[in-house]
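Could you slot chain B onto chain A? The hints should help.
Chains A and B are the protein sequences, given in the same order.
For the first sequence, our numbering assigns the number -9 to the initial residue and increments by one for each residue that follows.
For the second sequence, our numbering assigns the number 1012 to the initial residue and increments by one for each residue that follows.
Simulated from the structure, these hints should not be mistaken for lab results.
It is possible that part of the hints are untrue.
Said to hold, decoys possible - Below are the PhoX-like pairs computed for lysine-lysine, each with C-alpha atoms no more than 20 Å apart in a straight line: (1) B:K1235 <-> B:K1197; (2) B:K1265 <-> A:K56; (3) B:K1235 <-> B:K1265; (4) A:K68 <-> B:K1265; (5) B:K1235 <-> A:K56; (6) A:K5 <-> A:K147; (7) A:K11 <-> A:K(-2); (8) B:K1197 <-> B:K1143; (9) A:K11 <-> A:K147.
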Amino acid sequence: MFDLMRLKLDAALVKAYGSGKPILGICLGTQIVMERSQENQTRCLGIIKGDVIRFPEGFSEPGGRKLKVPHMGWNRVKVTREHPVFDGVDPQSEFYFVHSYYPAPREARNLLGETSYGVPFASALVSENLVAVQFHPEKSGRPGLRLLSNFCMWDGKDHA
Amino acid sequence: MLSKRIIPCLDVRDGRLTKGIKFKGNVDIGDPVEMAAFYYDEGADELVFYDITASYERRAIMIETVRKVAERIFIPFSVGGGIRTVEDMRLVLLAGAEKVSINSSAIRDPGLIAKGAAAFGSQAVVLGMDVKRVSPSQEIPSGYEMVIDGGRTSTGLDALAWAREGERLGAGEICLNSIDADGTRKGYELRLTELIATNVSIPVIASGGAGAITHIHEVFTEGKADAALIASLTHFGAHTIKEIKSYLHERGIKVRMTW
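Bound conformation, chain A alone (with noise of 0.2 Å):
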């Protein structure tokens, strides 16, 4: 955050937001639309009401095996609704995530997608014009090349 605002690059963010540009947050890139980051307690962009929280040190998955920090793999994610970014993504397919910190949206329309790892997470985020998820679609083979060509042809409009 400290970099983008040096280089005004969050107000440039927000104007787009409020242009109506499609945005697709990756990542970092989905952390920083969230309100405030538990990490170095740092205040962001603020388009989507909630923030980004750490997952608990030494909890473990639901058979008692202890899960590891950061969450690094190939994991699910349940779109929650239909979207056009979405468009054609098979239900079974995984997706690359590398993150200790995740995004925890106040409001249930924020939602697109869910993953589980010990805990359900937020794993895609959508507020009109912007689509923001926490995984790597650039790392996540086709489904995630699928994913890129479906924002690049993406009007901006969310439709639901």
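Chain B in isolation, oriented as in the chain A frame:
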């Protein structure tokens, strides 16, 4: 839940692929970029490139290979071998690799782990560990010693202590290679893998010894590994990634089945 990862390892020398048996008698098996594209299509979850050239004047060839690979595949890959400075790391990451792996150079200069993690984040720094079985002693209580220079040089460092130190310094992942098992095709060193995987909180990639699909199942169940490195198992067409994953999937191990 995370899927267990299957990671083919490609050894590269002078811009060409090799497969080392006990680090000796390497034979050329082709073009790394083509092989990477092949594995991407086959459903590999990640790739590891290990540059065994490592002579300084040839580094540029490897950077060029990394750049070409990054244009062709859209899964993560790491690059190791001959990375000695933060600047070496930067060049590899800028060329398109997701992660760099440091091994001997991290033992010679542990600060390199911390410097790399500070500059690029822990997720970009993989601690490569070459480990040899020894009699437990006061110096090496775990009975596993770190070795460097492709297994030729002993260090007097205990592998478990070094794994913990690497995590503390900021490594985001460990690639754990057993020198004893490497090239034998008789299975991973399960006791070593389990020891390290259950005593650090970063993911552990098991390496060395895979010669049958059952070995991969063992290293995930008994060895508690997060990922398995493979080479000769698939390089020469004996098995496919899909076969390996189907076998694991049928036995209740979560792997990525759609790609």
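Checked hints:
1. B:K1235 <-> B:K1197: holds (18 Å)
2. B:K1265 <-> A:K56: holds (16 Å)
3. B:K1235 <-> B:K1265: holds (13 Å)
4. A:K68 <-> B:K1265: Answer holds: A:K68 to B:K1265 is near 16 Å, not above 20 Å.
5. B:K1235 <-> A:K56: holds (11 Å)
6. A:K5 <-> A:K147: holds (17 Å)
7. A:K11 <-> A:K(-2): holds (18 Å)
8. B:K1197 <-> B:K1143: Holds, at about 16 Å.
9. A:K11 <-> A:K147: holds (9 Å)
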